[in-house]
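Q: Just so you know, the sequences run in chain order R and S.
For the first sequence, position 234 matches number 234 in the working numbering, and the numbering has no gaps at all.
For the second sequence, position 130 matches number 130 in the working numbering, and the numbering has no gaps at all.
Think of the hints as simulated: they come from the structure by calculation, not from any bench.
Ideal Cβ positions, reconstructed from N, Cα and C, are used throughout, including at glycine.
One or more hints might be untrue.
[As the list claims (entries may be wrong)] In the DSBU-like style, the derived pairs of lysine-lysine whose C-alpha atoms are separated by at most 30 Å in a straight line are: (1) Lys221(R) - Lys52(S); (2) Lys32(R) - Lys96(R); (3) Lys80(S) - Lys32(S); (4) Lys2(S) - Lys80(S); (5) Lys35(R) - Lys57(R); (6) Lys109(R) - Lys2(R); (7) Lys96(S) - Lys96(R); (8) Lys96(R) - Lys221(S); (9) Lys52(S) - Lys96(S); (10) Lys2(S) - Lys109(S); (11) Lys109(S) - Lys52(S); (12) Lys2(R) - Lys96(R); (13) Lys96(S) - Lys2(S); (14) Lys52(R) - Lys221(S); (15) Lys96(S) - Lys221(R).
[Said to hold, decoys possible] Covered stretches of chain S, as calculated for chain R (at least 3 residues, CB under 8 Å): (16) 7 to 21; (17) 49 to 62; (18) 128 to 136; (19) 210 to 219.
[Stated by the list, open to error] Pairwise CB distance ranges (calculated): (20) Thr105(S) - Thr173(R): 55 to 65 Å; (21) Ala49(R) - Glu113(S): 20 to 30 Å; (22) Arg36(S) - His169(R): 27 to 37 Å; (23) Pro144(S) - Leu236(R): 47 to 57 Å; (24) Gly115(S) - Ser145(R): 50 to 60 Å; (25) Thr237(R) - Arg55(S): 23 to 33 Å; (26) Ser145(R) - His222(S): 35 to 45 Å; (27) Thr24(R) - Tyr226(S): 27 to 37 Å; (28) Gln176(R) - Gly115(S): 30 to 40 Å; (29) Pro165(R) - Gln238(S): 39 to 49 Å; (30) Pro165(R) - Asp56(S): 22 to 32 Å.
Number of protein chains: 2
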Amino acid sequence: MKRRLLLVSNSTLHGSGYLDHCQTHISDFFGKDVKRVLFVPYALHDRDAYTKTARDKFKTLGFEVDGIHEASDPVDAVRKAEAIFIGGGNTFRLLKSLYENQVVTEIRKRVLEDGVPYMGSSAGTNVATVSINTTNDMPIVYPPSFCAIGLVPFNINPHYLDADPSSRHMGETREQRITQFHEEPDTPSVLGLREGSMLLVEGNKATLLGTTRARLFTRGKHSVEYSPGSDLSFLLTQ
Amino acid sequence: MKRRLLLVSNSTLHGSGYLDHCQTHISDFFGKDVKRVLFVPYALHDRDAYTKTARDKFKTLGFEVDGIHEASDPVDAVRKAEAIFIGGGNTFRLLKSLYENQVVTEIRKRVLEDGVPYMGSSAGTNVATVSINTTNDMPIVYPPSFCAIGLVPFNINPHYLDADPSSRHMGETREQRITQFHEEPDTPSVLGLREGSMLLVEGNKATLLGTTRARLFTRGKHSVEYSPGSDLSFLLTQ
């Protein structure tokens, strides 16, 4: 299995700039061999502005960026990509566009079979998993399916948020929402990635990186906390 | 137009019991003519327990409750209902079950044509509008459509929450999420109902009730605040 993934909870950490908190990991992940990264800006409305943001940041790290929407044939752009980065925004809009542009299968193939490195942040991390069933986003558009690219056999909840005991708000907590997901049959585990954390997958090895812990929710079991540096490879064989 | 609706933001307000904050409005809304209310518990996993909760509360207000899942034919139960109450929980699970039980059209017909009073809270308020595109819930199941019962020509965001300026969390604010919805073409207005507020619709008259203000988001316009008691009838003719 050639799979190489960097799945980031959030693109911007409070008090720092776009992708600052994970830039060392990005440089290490793409490494010396990658010169150009194919950026997928489908999760935000203004694709040009979003691509400029990514391009400017990646330039400081020594990588060129091509926007997939700038290509005349997006499937061909995926076929030729050295590396792929799907940015955050609205997960429903992102997945709908991935299906409309018929790149879901091609991205899966390139990453799992050809070993093309895949980075996602937030919504881009959601779509790398089994399904978008555990996104936090508002369902502003209707995608043809909630099934996602499926680069790992579990789900992620990015921007995972602990309940605030002082809150007077009565909407469900994040934990309650994930528990409701697990009331449904045959639902996969959900890794709650707090802001500041990310998952590095290399082949069949998965490692938690970043500065915050992650919380793993498994159907019918108590949730478990993992610290940065933890080996989470067992998630890949469930 | 015989339509009569009571659309509540939330079933439980911090520090009080189930439906306590709106019980006077519930009594006034159903009135002396209604003896039995058909309760739709589809939004929660345990339908029996949920129906007991609703039944116990409504008994104190002088109404009997029938759970729609207790009927052998849910469509027939809707046809015979004197009044309908759809409770909160997960909006995706609720809408999927409404479609599976083929009651979406029948509820619309009974409410709009026969004048059967409809009460919703939280998810039950979402499904009364144009679509569930502005729910806060996690998409734990995939409904056949996001189109909802359509008892009013706009959308509602229940549990509307103002941004917390002291928060270090970088997930989108509620306002940002609704703005993303309005980046999509032909999207209806969204009434953000804060916890403690509700909308009473009688024919072509809509009035904001409760103890908190509501915020109206309209595509391409600045959002506007409305105080309890405001006449929002203009929303019904958009």
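Q: Indicate, hint by hint, whether the structure satisfies it.
A: Outcome of the hint check:
1. Between the alpha carbons of Lys221(R) and Lys52(S) the distance comes to roughly 27 Å, so the proposed pair stays at or under 30 Å and holds.
2. With a C-alpha separation of about 33 Å, the suggested pairing of Lys32(R) with Lys96(R) is violated against the 30 Å cut-off.
3. About 18 Å separates the Cα atoms of Lys80(S) and Lys32(S), which keeps this hinted pair within 30 Å; it holds.
4. Proximity of Lys2(S) to Lys80(S) is assessed by CA-CA distance (about 17 Å); at most 30 Å being required, the pair is judged to hold.
5. Distance check on the hinted pair: Lys35(R) and Lys57(R) sit about 14 Å apart at the alpha-carbon level, within 30 Å; holds.
6. For the proposed pair Lys109(R) and Lys2(R), the alpha carbon gap of about 11 Å is at most 30 Å, so the pair holds.
7. Distance restraint check for Lys96(S) and Lys96(R): the Cα-Cα separation of roughly 19 Å lies within the 30 Å cut-off, and the hinted pair is therefore satisfied.
8. For the hint linking Lys96(R) to Lys221(S), the alpha-carbon distance of about 26 Å falls within 30 Å, and the restraint holds.
9. This hinted pair checks out: Lys52(S) and Lys96(S) have alpha carbons roughly 22 Å apart, not beyond 30 Å.
10. Straight-line distance between C-alpha atoms of Lys2(S) and Lys109(S) comes to about 11 Å, which keeps the hinted pair within the 30 Å bound.
11. A hinted pair counts as satisfied when its Cα atoms are at most 30 Å apart, and Lys109(S) with Lys52(S) qualifies at roughly 27 Å.
12. Pair hint Lys2(R) plus Lys96(R) holds up; C-alpha atoms about 27 Å apart against a cutoff of 30 Å.
13. Taking the CA atoms of Lys96(S) and Lys2(S), the gap is near 27 Å; set against the 30 Å cutoff, the hint holds.
14. A distance of roughly 27 Å separates the Cα atoms of Lys52(R) and Lys221(S); the hinted pair therefore holds under the 30 Å criterion.
15. Distance check on the hinted pair: Lys96(S) and Lys221(R) sit about 26 Å apart at the alpha-carbon level, within 30 Å; holds.
16. Residues of the segment 7 to 21 of chain S with a Cβ under 8 Å from some Cβ of chain R number 5, which satisfies the need for three, so the listed coverage holds.
17. Restraint check on the segment 49 to 62 of chain S versus chain R: 0 residues with Cβ-Cβ distances below 8 Å, three needed, restraint violated.
18. Residues of the segment 128 to 136 of chain S lying with their CB closer than 8 Å to a CB of chain R number 5, which satisfies the three-residue condition for coverage.
19. Coverage of the segment 210 to 219 of chain S by chain R is violated [criterion: at least 3 residues with CB-CB distance below 8 Å; count 0].
20. Separation of Thr105(S) from Thr173(R) is about 35 Å and departs from the stated range, judged on CB atoms against 55 to 65 Å.
21. Remark: the range hint 20 to 30 Å for Ala49(R) to Glu113(S) is contradicted by a beta-carbon distance near 48 Å.
22. Checked against the hint of 27 to 37 Å, the pair Arg36(S) and His169(R) passes, with Cβ atoms roughly 33 Å apart.
23. In this structure, Pro144(S) and Leu236(R) break the distance hint of 47 to 57 Å, their C-beta atoms being roughly 33 Å apart.
24. In this structure, Gly115(S) and Ser145(R) break the distance hint of 50 to 60 Å, their C-beta atoms being roughly 39 Å apart.
25. Taking the beta carbon of each, Thr237(R) and Arg55(S) are about 46 Å apart, not inside 23 to 33 Å as hinted.
26. The given range of 35 to 45 Å is respected by Ser145(R) and His222(S), whose C-beta atoms sit roughly 36 Å from each other.
27. Judged by the Cβ atoms, the range 27 to 37 Å given for Thr24(R) and Tyr226(S) is violated: they are separated by roughly 49 Å.
28. Between Gln176(R) and Gly115(S) the beta carbon distance is about 36 Å. The supplied range of 30 to 40 Å therefore holds.
29. Between Pro165(R) and Gln238(S) the beta carbon distance is about 41 Å. The supplied range of 39 to 49 Å therefore holds.
30. With their beta carbons about 28 Å apart, Pro165(R) and Asp56(S) fall inside the hinted range of 22 to 32 Å.
Comparing the model with each numbered hint stated earlier shows that hints 2, 17, 19, 20, 21, 23, 24, 25 and 27 do not hold.
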